[in-house]
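> Protein chains in written order, with our numbering: chain C, 1 to 481; chain V, 1 to 291; chain Z, 1 to 327.
Certain hints may be false.
[Claimed, not checked] Using C-beta positions, here's what the derived DEER-type ranges look like: (1) V:19 with Z:294: 42 to 48 Å; (2) Z:304 with V:18: 26 to 32 Å; (3) V:233 with C:201: 47 to 53 Å; (4) C:295 with V:233: 27 to 33 Å; (5) V:18 with Z:228: 21 to 27 Å.
Just so you know, the hints here were simulated from the structure itself, not pulled from any lab data.
Predicted, not measured: the structure shown is a model, and the values here were computed from it.
Quick reminder that beta carbons are idealized off the backbone N, C-alpha and C, glycines included.
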Amino acid sequence: MKKVIASALSVAMVAAIAAGCTTPTPTDAPDGTTAAGSDVVETTAGGDGETEATEATSGAVETTIGTGSEVINLWTFTEEVPGMVQYYVNNIDPDFGTKYTVKCTYINGAENYQPAVDAALVAGGDSAPDLYCAEADYILKYTQGDMSRFAATYKSLGIDVDSKISAAEIAQYTVDIGSRDGEVVALGYQATGGAMIYRASIAEEVFGSSEPADIEAIVGAGSGNWDKFWEAAATLKEKGYSVVSGSGDMWNVCKNAGQPWIVDGNLTIAPEREAFLDIAKKLKDEDLSNNAPGWDTAWYNDMMGVGDRGVFCFFGPAWLINYVMVRDGQKAAGEGTFGDWRVCTPPVGFFWGGTWLMAREGTTKAEGVAKIIEWVTLDTSETGLQYLWANDKMGNNAKDTVASAVVMAKSDGSLEFCGGQNIFPTFIAGNSNASGKGMTQYDATINNYFTDAANQYAEGNLDRDAALETFKANVSDNLSF
Amino acid sequence: MSDNAIKQSSIKKNDVGLKVVIYIVAIFFSIMTLFPFVMMLANCFKSSDEVQQSAITFWSADPIGNFQKNWTFIMSKEFKPQIGFVNSFIVATCSTLLNVYFSSLTAYAISAYEWKLREAFNGMIMAIMMIPGTVTTIGFYQMVYKLGMVNKLSILIIPSIAAPMTVFFMRQYLQASLSMEIVQSARIDGAGEFRIFNQIVIPLMKPAIATQAIFAYVGSWNNLFMPLILLTDKDKRTLPVMVSLLTNDSYRTEFGAVYVGLFITVLPLIVVYAFLSKFIVEGVALGGVKS
Amino acid sequence: MRNKKLVNYAKFGYLFSIPFILAFCVFTLYPVIYTFIIGFTDLKGAGNTEWHFLPQVGKNLFVNFKDVLTSGSFQKAFKNTVIIWIMNFIPQIGFALLFTAWFTDRRSKVKGQGIFKILFYMPNIITAATLAILFNVMFGYPKGPVNDILIGVSKFFGVERKAYNFNANEWPVKIIIAFIQFYQWYGHTMVNLIAGVIGISPEVFEAAEIDGANRVQTFFLVTIPCIRQIMLFVLVTSLIGGLNMFDVPQLYIGTNANNAGLTTNMYIRNQAFSGSYLYNRAAAASVILFIVIVVLSSVLFYILRDKDEAKLKKLRKQELRAARKGL
Chain C
1 MKKVIASALS VAMVAAIAAG CTTPTPTDAP DGTTAAGSDV VETTAGGDGE
51 TEATEATSGA VETTIGTGSE VINLWTFTEE VPGMVQYYVN NIDPDFGTKY
101 TVKCTYINGA ENYQPAVDAA LVAGGDSAPD LYCAEADYIL KYTQGDMSRF
151 AATYKSLGID VDSKISAAEI AQYTVDIGSR DGEVVALGYQ ATGGAMIYRA
201 SIAEEVFGSS EPADIEAIVG AGSGNWDKFW EAAATLKEKG YSVVSGSGDM
251 WNVCKNAGQP WIVDGNLTIA PEREAFLDIA KKLKDEDLSN NAPGWDTAWY
301 NDMMGVGDRG VFCFFGPAWL INYVMVRDGQ KAAGEGTFGD WRVCTPPVGF
351 FWGGTWLMAR EGTTKAEGVA KIIEWVTLDT SETGLQYLWA NDKMGNNAKD
401 TVASAVVMAK SDGSLEFCGG QNIFPTFIAG NSNASGKGMT QYDATINNYF
451 TDAANQYAEG NLDRDAALET FKANVSDNLS F
Chain V
1 MSDNAIKQSS IKKNDVGLKV VIYIVAIFFS IMTLFPFVMM LANCFKSSDE
51 VQQSAITFWS ADPIGNFQKN WTFIMSKEFK PQIGFVNSFI VATCSTLLNV
101 YFSSLTAYAI SAYEWKLREA FNGMIMAIMM IPGTVTTIGF YQMVYKLGMV
151 NKLSILIIPS IAAPMTVFFM RQYLQASLSM EIVQSARIDG AGEFRIFNQI
201 VIPLMKPAIA TQAIFAYVGS WNNLFMPLIL LTDKDKRTLP VMVSLLTNDS
251 YRTEFGAVYV GLFITVLPLI VVYAFLSKFI VEGVALGGVK S
Chain Z
1 MRNKKLVNYA KFGYLFSIPF ILAFCVFTLY PVIYTFIIGF TDLKGAGNTE
51 WHFLPQVGKN LFVNFKDVLT SGSFQKAFKN TVIIWIMNFI PQIGFALLFT
101 AWFTDRRSKV KGQGIFKILF YMPNIITAAT LAILFNVMFG YPKGPVNDIL
151 IGVSKFFGVE RKAYNFNANE WPVKIIIAFI QFYQWYGHTM VNLIAGVIGI
201 SPEVFEAAEI DGANRVQTFF LVTIPCIRQI MLFVLVTSLI GGLNMFDVPQ
251 LYIGTNANNA GLTTNMYIRN QAFSGSYLYN RAAAASVILF IVIVVLSSVL
301 FYILRDKDEA KLKKLRKQEL RAARKGL
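Chain C on its own, in the form it takes in the complex (with noise of 0.2 Å):
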C-alpha cells in the first residue's frame, strides 16, 4: 500500500516538473498589446513598484541581460530595474547588449538581501555587485553609512551629475539621501512624496461632496496637525465608517518626520513620532480604524472594500496606487473601487519609500554601469526612463510619479483608476515635504521597535511610560544606543 502510494506520487511528481519544463507564453494576446501580458504576468507590487518588462519577451524577466563580453553584475531585490536593464537593451539601445552582458542577482527581503550584497561587496572581485540597488530604508547606509565606502561618486564615473540634477529638477530629497559630503553617489527615479487618497463615494455620503478641495477643508490639509482630520473621523464613525485601515498608514506619515532617531550618538525621540504612541491608541480606544497590520490580508481587503468597515481613506505615494491598491479584483472599471478613489494634499506632509541605484567604487564597467544609471535617473527626454515611467510606456499599466520634475510637467497622470483625476500634480506637492533629514541608517530596526511597543500600548499590554522605556532598552540593547 505504501509502495503504491509513494509511487502514485512520485509520478506525479515528475509530472508536474514536466509539464512545467515547458516554456509558459502568455495567453494568445490580441495584437500583442502589453496589456494583455498582465494577464499571465501580474504586475505585483513592490515597495516602489515591481513589473515585468512585458513588450518584448515572453513575461519572465531573465537573469541574464545581452550578449556581450564585458560583464556588469547587478544586484537588486525585485525584478524592477532588472526590467528596466532589458527594456533599455531590447528598445533603446541594442549596442549595450551587444557590448556588455548584465547579470542579475536579485534576493527578495531586506533581511536577507542586506547580509548578501554586504558581503559581496567586501569580498570584491569579479562576482562583486557592479551596479547595486537599495530601498529608502536602509539607503543610508549605502551612502551615509557603514558601506558607503563602497559607493562610486557618478561624478567619477563620468556623469555630468551637477548639470544634469539641475536641468532635470531632480527633486532634492533624493539628491540629499543619495549624497556623501556633498557628493551624489546614488539617485532614485521615482519621486515618493505622499497624498490622502481616499474614497470618493463614501466622502459624498459623509461629507456631501467628493472634490479635493473640499476634503482638503475638512481634513484640515496641509496644516501640519491632526486635529480636524479627528473630527472627520468621528463624523466617518457615526456613519459606520473606518477613517482609515490600521495604525501603520498612519505611521507611515510620522516616521521621517522631525529629528532623526539618533542624534551625536544618542536616542532622540522627536515630538512628532512621539505622538504616534497616541495616535494608535486613540485609534484602537476609539474604534476609528480596522486594526489591519500593513501589508496584511485584511488591509488588502480594505482596499477592495470589502472589508469590516468601510475605510475611508489611504496614506501614501503614487506607487502605492499603482502596485498595491490596483491588484487582482480591481484592475479594470466596474470591478471592486476601481475608479472610486481621490487624491489630495494630506493633513501632515511626508513621503515613503523609492528605490537609489548605486555603482561600486572601482568597477572596471563604469562605462556601461554610467549608461544606465543616466538613462535610469537623469535622462529627461521621452525615451528616458522616467519618461516612461511616468506615462505608463512600459507596460505596467500603471503611471508612476518620478523624480524629475522635468518629466512630471510634460507628464499626464490622468489615472482611470481615481475617477480619471491627474494625480500628479498632488504628488508633486507632496515631494515638498520629502527630505532626507529625519533617517539614520538604523531606521529599519528603530521603526520595527517602536511600532511595536505603540501596538503593545494601543492594545493595552503596557501602559505609554513603560512602552516607551521598553523601546529605549530595546535600542540599547541592540543597537547599543
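Assemble chains V and Z onto chain C, guided by the hints.
Same frame as chain C, but now just chains V and Z:
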C-alpha cells in the same frame, strides 16, 4: 488451566478498551498532522482572492482554472523548480551519504577500538554538538567568501562529513547493539578492519542509518539560511530558497501561486520519506547477535 | 597477550576518525575560533574587518560579556527560551513515549501502525519557515482563520465577540511557538525511540512475560531502561535544539509582541544584524550560550550515565594499572 483461560479473556477485554483509546488518539493526531498539508494543497486550487477571504476552507469556485493560473504564474516568474529540484537533490543526497557514512565510521572508531584519545575525542564531539549555529554562521560565510567558494554546491556538501549529532546517535546505537564477538570472529577469518566495517558493521546499523539518513536528508533539503546567502546564482539555488524568495516578497499578491510553490517543495521530501520509512518500520532482528 | 591486541587495533581508531576531524577543523573549527576570539574585541559595523582586542582600546577584556549578561533583552530571551522549551518538550516526550509504547507493544498489534508512524513524522518534513508563516497567518488579526472560527462559534452561542490579537500578547505567542515546535518534533522523537526499541533483543521481553509483567510494568521497567542510550540521545539533542530555537520564533513573530517570542539565538542574530552589526557582542553571547548548553548537557549525561558501565571502566583501569606495574 481455567485460571489461565480467565486471565486470557480479561486480557482480551482490556485489549479492546485500550485499542479503542489508541485508535482515537492516533487518529486525532493524524488529522492534526495532516491539516497543514491538506490546507496547503487546497490553497493551490484557489485564486488569490479566495485564499485571502478564507484560508482554511477546502472549497473553491474554479479549482482547475485557478490551479492553472497559479501554476502558470509560478512558472513565469524566476521560479524554475527543475533547477531548484536538481540542485536540492544533489546537495541533499550527497551530503546525506557523506554524513551517514562518515558518522558511522567515526562512531565505530569510538565504540570498537580502545585508544588513548578516545574519551577526549568523544567529549570533543559532544562539545561541538553543543555549539549554537549562530557561532559558526558568522565566521563560516566570511570564510567562504574569502575562499571564493561562493556559488559552488560543494560548499554545502563537504562540511557534512563532520556531523556530530549523527555520530552521537550512531555511537549510542552501537553501544547498545554492537557485540565485539562478531568483529573478532571476522578478524580470525582474516578480514581487514575496513572490510569488517563495510561488510559487517554497516549492515548491522541499518535501522540507525535509515533513521539518520532521513533526518539528514530533510535537514539538508530544508536548510534555508546558508544556501540563501551563499548561492546567489540563479542556477545554483536550491528549491526551498526559490520558494522562500516567493514568500519573502512582502508584496506578494498571488497567494495561491505561493502555496503551489510551497507544495512543490514538500512533495519530493514526502516521496523520499515514503520510500525510506519502511526500513525503519521493518527493523533488523538484532536478537540474533545479542544472545 | 591482551595488551598486544589492544595496541594493534587502536591505530584504526585514529585512522577512521581522520575524515571527521579534517572536515571539522576546516569548516567548523576556524569559524568557531574566529567567533570566540571576536567576543573579546571591538569588532562591529557592516563590512568591517579590522578589530582590536578590548584592552588595546582601553576597555576591560570582558566588557562584551558583561553587556550581554546585564542586558534586559538577553535575560528575557533566555527566560523565554527555557519556558518555551519546557512547554514544548514535556508534551513532546510524553506523547512520543506513549505512542512508542503503543506501537511496539508485543502483545497487541495496532493495525495501521505503519501509516501512523509515517504520518506523525511528516510535520518534521515541512520547512520550519513554512510552518511559522502558516501559523502567523492562521492567527492573524483582525482577520484570520482562528479568529473567524472564534467569532463564528461565539455567534452560534449568542455571544458577540471581537477578534483577539493572538500575535500581540505574551502568553498566546509563547504557547503557539511551543505548539509549533511540539508539532514538528514529536514524530521525530517517536521515530528515534522506536528505532531504539526495535534494537532490544526479544528474549528480554520473553523473559519479562514469563515473569508475569503486565504492559505498564514491561514498559517502564524493561523497555525504558533498555533504551537508555537512545533516551539520552533524545534528551540531549532536544535540549540543544531547544536552546538553539531560531527558525520558528523568528519567522512567526520576530521581535514583535514586546519580545514575547525572543529566544537566545534570535538575540544573537539581532546583535549581529539589526543595524549596528555588533559582532563582538553577538560572539560573546554565543560563548555564553555555549557554556550554558555544555553545563546542562553534562548534567544530563551524569544523571543518565550507565552506572554499571562506569564501575566496569573503573575496574578495568585499575587492572591495567596493576598489570603495568606488575610488568
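> Run every hint past the structure and note whether it holds.
Checked hints:
1. Checked against the given bound of 42 to 48 Å, the beta carbons of residue 19 of chain V and residue 294 of chain Z, roughly 45 Å apart, stay inside it.
2. With their beta carbons about 29 Å apart, residue 304 of chain Z and residue 18 of chain V fall inside the hinted range of 26 to 32 Å.
3. The hinted range of 47 to 53 Å is satisfied by residue 233 of chain V and residue 201 of chain C, whose Cβ atoms lie roughly 50 Å apart.
4. For the pair residue 295 of chain C and residue 233 of chain V, the beta carbons lie near 29 Å from each other, so the given range of 27 to 33 Å is met.
5. In this structure the hint that residue 18 of chain V and residue 228 of chain Z lie 21 to 27 Å apart at CB holds, the actual value being about 26 Å.
Every hint from the earlier list agrees with this structure, and none is contradicted.
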